[in-house]
Every structure is written in structure tokens, then in C-alpha cells.
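Going line by line, the protein sequences match chains E and L.
According to this note's numbering, the first sequence is numbered sequentially starting from 1.
According to this note's numbering, the second sequence is numbered sequentially starting from 1001.
Worth flagging that the hints you see were computed from the coordinates, not collected in a lab.
Misleading hints may appear alongside valid ones.
[Stated by the list, open to error] The list that follows gives simulated cross-link-like pairs (lysine-lysine, DSSO-like), each with its CA atoms no further than 27 Å apart: (1) Lys257(E) with Lys86(E); (2) Lys1257(L) with Lys407(E); (3) Lys1086(L) with Lys1257(L); (4) Lys257(E) with Lys78(E); (5) Lys1078(L) with Lys414(E); (6) Lys257(E) with Lys1414(L); (7) Lys1150(L) with Lys257(E); (8) Lys1057(L) with Lys414(E); (9) Lys1308(L) with Lys1086(L); (10) Lys57(E) with Lys1414(L); (11) Lys1407(L) with Lys57(E); (12) Lys1407(L) with Lys257(E); (13) Lys1414(L) with Lys78(E); (14) Lys1257(L) with Lys1078(L); (15) Lys150(E) with Lys1257(L); (16) Lys1308(L) with Lys1078(L); (17) Lys407(E) with Lys1057(L); (18) Lys308(E) with Lys86(E); (19) Lys1257(L) with Lys414(E); (20) Lys308(E) with Lys78(E).
Protein chains: 2
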Amino acid sequence: MNLQDAQELDAADPLAPLRELFSLPEGVIYLDGNSLGAMPRATLERVARAVEGEWGKGLISSWNTAGWMDLPQRVGDKIAQLIGAKPGEVVATDSTSVNLYKVLHCASQLQLTDAPSKRIILTEIDNFPTDLYIAQSVCEQLGFSLRAVKGEDIEAAITNEVAIVMLTHTNYRTGRIHNMPHITARAHVHGALTVWDLAHSAGAMEVDLHAVHADFAIGCGYKYLNGGPGAPAFVWMHPRHASRARQPLSGWLGHAKPFDFSHDYAPASGITRFMCGTPPILSLTALDCGLDTLLAALPHGGMAALRKKSVALTEMFIAQVESRCAGFDLTLVSPRESAQRGSQVSFTHPTQGYAIIQALIARGVVDDFRAPDILRFGFTPLYTRYEDVWQAIEALLAVLQSREYLKPEFQQRKAVT
Amino acid sequence: MNLQDAQELDAADPLAPLRELFSLPEGVIYLDGNSLGAMPRATLERVARAVEGEWGKGLISSWNTAGWMDLPQRVGDKIAQLIGAKPGEVVATDSTSVNLYKVLHCASQLQLTDAPSKRIILTEIDNFPTDLYIAQSVCEQLGFSLRAVKGEDIEAAITNEVAIVMLTHTNYRTGRIHNMPHITARAHVHGALTVWDLAHSAGAMEVDLHAVHADFAIGCGYKYLNGGPGAPAFVWMHPRHASRARQPLSGWLGHAKPFDFSHDYAPASGITRFMCGTPPILSLTALDCGLDTLLAALPHGGMAALRKKSVALTEMFIAQVESRCAGFDLTLVSPRESAQRGSQVSFTHPTQGYAIIQALIARGVVDDFRAPDILRFGFTPLYTRYEDVWQAIEALLAVLQSREYLKPEFQQRKAVT
Chain E
1 MNLQDAQELD AADPLAPLRE LFSLPEGVIY LDGNSLGAMP RATLERVARA
51 VEGEWGKGLI SSWNTAGWMD LPQRVGDKIA QLIGAKPGEV VATDSTSVNL
101 YKVLHCASQL QLTDAPSKRI ILTEIDNFPT DLYIAQSVCE QLGFSLRAVK
151 GEDIEAAITN EVAIVMLTHT NYRTGRIHNM PHITARAHVH GALTVWDLAH
201 SAGAMEVDLH AVHADFAIGC GYKYLNGGPG APAFVWMHPR HASRARQPLS
251 GWLGHAKPFD FSHDYAPASG ITRFMCGTPP ILSLTALDCG LDTLLAALPH
301 GGMAALRKKS VALTEMFIAQ VESRCAGFDL TLVSPRESAQ RGSQVSFTHP
351 TQGYAIIQAL IARGVVDDFR APDILRFGFT PLYTRYEDVW QAIEALLAVL
401 QSREYLKPEF QQRKAVT
Chain L
1001 MNLQDAQELD AADPLAPLRE LFSLPEGVIY LDGNSLGAMP RATLERVARA
1051 VEGEWGKGLI SSWNTAGWMD LPQRVGDKIA QLIGAKPGEV VATDSTSVNL
1101 YKVLHCASQL QLTDAPSKRI ILTEIDNFPT DLYIAQSVCE QLGFSLRAVK
1151 GEDIEAAITN EVAIVMLTHT NYRTGRIHNM PHITARAHVH GALTVWDLAH
1201 SAGAMEVDLH AVHADFAIGC GYKYLNGGPG APAFVWMHPR HASRARQPLS
1251 GWLGHAKPFD FSHDYAPASG ITRFMCGTPP ILSLTALDCG LDTLLAALPH
1301 GGMAALRKKS VALTEMFIAQ VESRCAGFDL TLVSPRESAQ RGSQVSFTHP
1351 TQGYAIIQAL IARGVVDDFR APDILRFGFT PLYTRYEDVW QAIEALLAVL
1401 QSREYLKPEF QQRKAVT
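Produce the entire structure from the sequences given, and follow the hints as far as they go.
Structure (C-alpha cells):
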């Protein structure tokens, strides 16, 4: 394979024109959309309109006239299309961590009523840390224990003691996808509820929450949904829980009638009860635009077409690293089987992972490092070209051969890695 | 008094030039900055730069290079200057409701250790509903009871049973200011902690949390701080609680070392432990700009000068309504004594409050209604002119005399009032 082969793949790619929907800086190969999605070209104008037109000119009336009031629900309806949820079942609000707290607390309370002897929340030890930290808090408050096992041991660990199975569908370190249908079914057989974090799945692959009869899900707005830095997150629950679900962050926008200003909390119907305070409208507007950009891609073969391209990109990257960069101590830690792999590829390096990533970034190939030893490469199919994969390999090979990662400026840690 | 008198007051007002820092629509008299502050002229460019430059061009590297990582702390340091807090003691993040949950849960846990027999959270029955709802949730979870009394009965209700006094400093309905020094001192004498919601105070009047030895405070970014719709809120605690304070929303950005990705939660030092998930950077950038705009006013005599003008505006409004609109069933419910009154004036009308406000808005005088019977008029001293007060009275008188509020379009309720 050579550069021309990659360029021919791009020329034949029916999704290639979607890249034009994004603004990507010249000279940068961006393989970090799994951390922060790229900016859609339409976002600047959309946000500017929200600032100048809706806020500046419309002022307080924009809660009605610009639709700010139901923006969390309208954005939620767009996310619903990506995750197998129905209209009215998703709201976009708060952060992933805050939403996880809500649903985990809620699911725990349901189990305290339905199966009070079950006091285990089961998760993966290498789940994203914020999920572990939030679960530790809920456990401490409600008298549960967190049982954290290796990813491959999850299914076996689902026993009758388990109250809740809480997993990130696609692991942030390795990109390994948990088998959502099997795990959810097994959880239900054992009387457990499921909480799925879709941070690295929503917008990157097909997810069908209803098909698997999942219980609760949350996810991130700033990765594959391209909502901008710190974009609001989302939350979903299966409607079978709607009448009984209570969540502890009982703010006024989750109230049945917030503008009655009544003294007593009464939850809104459905997912709106998972709202809390006033959402950040400017950031939510950017997320709305990110979703419009993603949804514009769906007529080109739907999420299946995006997923197909994502798999082709990651397959190509793995094959090229393993053939061209052999002998440089890089070890694949993502699944080799594409059905088990998300839209990222991770390698470990025993000692120089951080510095190699810094050297790549200096060459304009943006990816990231996850302590202690993981080099992560994300391949967002909306805007990543086969040529980008080729050029990234060229850069990686040059960094490894030159050993330029040993330079002091690449060895020194930055605040955000 | 006549229009010319009002215009002469504006001509002599040393703060009058500050209005130029804001973009206010032509033909609108905006008396609702207590609900949503107006847009600073600088905000559009600042947010556009964050979207296009920091996100679009800088991408993930902007967490380091554009200072996104410590933006909650840097914005917090600006808020600190307005509330008598010190640098490093405030973070801007999440919503007011979410932050209230954190501090109220935290304060309750402290009291469960220090004074386990105290199980009362004392508040005002007419506190903003979200504060009541969040307190109801914390009470239910931790075995406390919420005791809600009339505002004027708060001081007497602070007894040895009370664990926490939770108050909004300036009441959202009446604008009445609680006596923070007296209440805090009395709370401490009785072994209670204080949680102050500064939503209607921060940026509108002098607040000195250290001078009164307060315990915890939270507040809103989108009212007098002009941070834009749903701007992130803020949270403060007195450093004497820093070593022991734990809050339940233990997300990764409140971790001591978030980029170590360790499996166990360990809180950051100081107020950073009140962070949870990734904050909405675009909305936080707009808040940063709102604060810069407010801080630019401080060389013009400081918060004392802003407060002095605020008092003059509200005094003028009360006097003019009572003299010129007498006989129309409007009753002042804000304190007549200016020292007890925030930067708003509220009247009740027995039956037509909502419709009168709608008719005023139709005439370009923007204010709001709070169920069941309150007409609220906010006077942000940064951008409100004496002439605006005069014109608002003219419009109010015309609405009342014409009875145009009886028109069907003014009688019909909108989603957001």
C-alpha cells in the first residue's frame, strides 16, 4: 500500500464529501475526535446567531420565541435517532458525570425497593475514571458496593447479587466494545438493571437501546456528536421506568410545572424529570449544530455506512502500524476483531508513549496519550480520510526512526494529556 | 418629576457611559436583567474566537493553550472579587441547582459528624423553588427535615436544633435582602452552618462572605453577571471547611489528579473538589466576558457606586408608581427601606399581574411575572438609565389606564413567564 492507494480509497469513498461540513485546520491530521470532535463549519454562525440574535436582541423572550425552553428535548430527540431511542425519551443537559449520578442513584433506589438484598454495582475496572468515582459516591451514600472486574470477566460476574451493571459501552482506553445485547439480557435474567455510558459509541456506531431492552443510558456531547468543548451530555431511560424513576438532582426544570413556582417538588413526566437547573444555552446550541451535521450524513447510508468506513480506517491503521512500524515496541491493545472495536485504535509503548504522542502532535498528527502507557488514535468517519491514515503512519514511523521523542520538550508533561 | 428631570439625572450620572458596554435592542426598555442579564458588546467576538480559534483551529490542544483547563478557576477568581471571597476560593461550573446540591449535601455531612442530633435545614418558604426542591432531596436522602418559615421569621427560627440555614440572600419575588451578618452570626452561635444563594445579589450589591464568616455560597452566572442564557453558576466555601468537605458529585475534574486516570476518587484541594464533569466551555467563555464587563465598571467607584445607582433607580420607580399609578390596585411588596431591597421592585396586582406584564412587554418595556400575582421590575445599574425608569412608568400608566391588558393575547399564558 502507498499514498496513491489511500488517495484512491478517498476518491471512491461515498462519504468523502461529508468532510466539507467540518472546518479542519490546514496541515493538521486530526485523530482525536474521540476526545473532542472537530468543529462543523455551520457552528460559528449558529452560535453567533444565538449570542447576537437570540440573547442580544431577543433577551428573555427567547425562552419562548427562540425555543430555548425545549432545546434540551429537541436536541435529545436528535440524539435519540443515533441510539435507538424514541422521540421524547432523551434530554441533553448537564455533564456526563452529573447525568451518570442521576441515573445510577435512580437505578439504585429502584433496586432498593424491588430487590433490597442486591447491593452490588458491577463495573469494569478500566471504565473511564469519572464513572468509577461517581459510582463510588453513590455506593457510599446508598449502602452499595462497587465491584470492578476486568472487561473480559464482566459477563461471568453478573450474578444474582448484582443490582446494577454499569458499563461504558466502548472502552476509552482500548476501544473494546462490550456486547450490549448479551450483557443486558444476562443482567435482566439475574434481576439487575443496566446503565450504559455511550460516550465513545453514540455517533460512532449503531446503538439500539430499545432492541436490547436497556434500562438507562447516558453519553457525551463533545466527542462523536461534535458539540464543542464541554458540550452538554445526554440521558435516556427506558419508558418502563418512567413512572417510578426519581433522581436526586431535583431542580426546577425537572419539575412538572416549573413556572407555577410551587413549594413542593413534583417530577415532570418522562425523561424531563432528569433535567435539573437551567442548561447552558450557547453550548447547547453548538451541540444542536453538531447533531445536525451528523444527521446530515445519515442519508448517505445511515450509521451503518459511517461504521463501515470507521472499521476500514481502523483496519488500515492497524495493518500499517504492524507492518511498517514493527520492531519499535508498539503493542496493539485494541481488539483485532473489528466487531469488538470502536472507532479508535490504541497501542501501548513500555516507556515513551507520552513523548511519542507529543512528537506526533508537533508533526501535526493530533492524537492523545492515556496514562500509564496508551497511545490513542481516533478515526471519526465523518471527516477522517484514508490519506490521513497514511500520513499518520508516515509521521509515526519518522518519529520512531528518528527517536525525536527523546527531545526534552516532548518528555515534559502538560496539564491535559 | 418629568422626562427632562430623568434625562438630567442620566447626564449627571458618572456610570452612564457603562451602558455603552452592552448591546441593547432599539426601542426596548429592559427591566429584566435580574432574570437574564443583557449581552455585553464584547461577548460576540469573544465567543466567536472560542468557537473558531480555540475549538476550530486549536482543537484538543486548547485545553492547554487556550487555558480551558483552569477557566472555571479563572472565572471563579473574577466572581470572588464581587462577593468578598479570595483568589482560589470560587469555581464557575454546573448550574445553581447542581451547585446547591453539592454544598447542601456537603454541609449536611459535616453536621452529621459534628452535631448528629441536629437534623433541621432551615429556609424561607418563599425561597426560589429550585432551592426548596434540592433541599427536599438532600433531606430525604440524609434524614434531615426541611423547615420552611416566612422570611421575617428566619432569625427567630434559628435554634439549637437547626443544622443548616439555607437562604437566598435577595428574595427573587420581593427583592428583600436577608441580613447576612446577623443571620450568619446567629447561626454560628447555635452551631448551624450557613448556605447562601447569591443568585440575586452577586454583581448587584456589595457582598462580603469573609467578613461575615459564611460557610458556603453559590450563585448564578446569567443574571447580574451577564454571562448569557444558562451560563454556568458558581460555588464557594470558606477555607476552614476545605480539608473536610466532601461533595457527592465526585466527577473526574474534582479529582486531585484527573489525568492520572486512577481508579479511586481523591478530592482536589480546596474549591476545585466542587468541580464534577467537563464544563461547557463556550458558555463559560461568555460568562468570563460578562464578568470582564462588570469588573470594568469597578474603577468607577466600585460596587458601592453601582449599588448607589441601583438604589436611586428603585427609589425613583417606587415613588413614581405610587404617585402616578395610584388607584390601579398595585401594591408594593418590595421593602420600602432601600437597605433591605435588592436591585428589583415588585408589586402585586390581585388579578391581572400576568396580563399587565404582557401588555408592557408589547410596548417594549420588558419585565416579568412571578406566579401567582407578582410583577417584577429589575434595575441593573450597569445599563439602566433614569430615563428608562421614566418611560417604564409612562408605559405602565398607559397600560393601566387603557385596560389593554384585557386583550386576549395578553391573557394567554406562555411557556416561560
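*Hints broken by the structure, by number, lowest first?*
none
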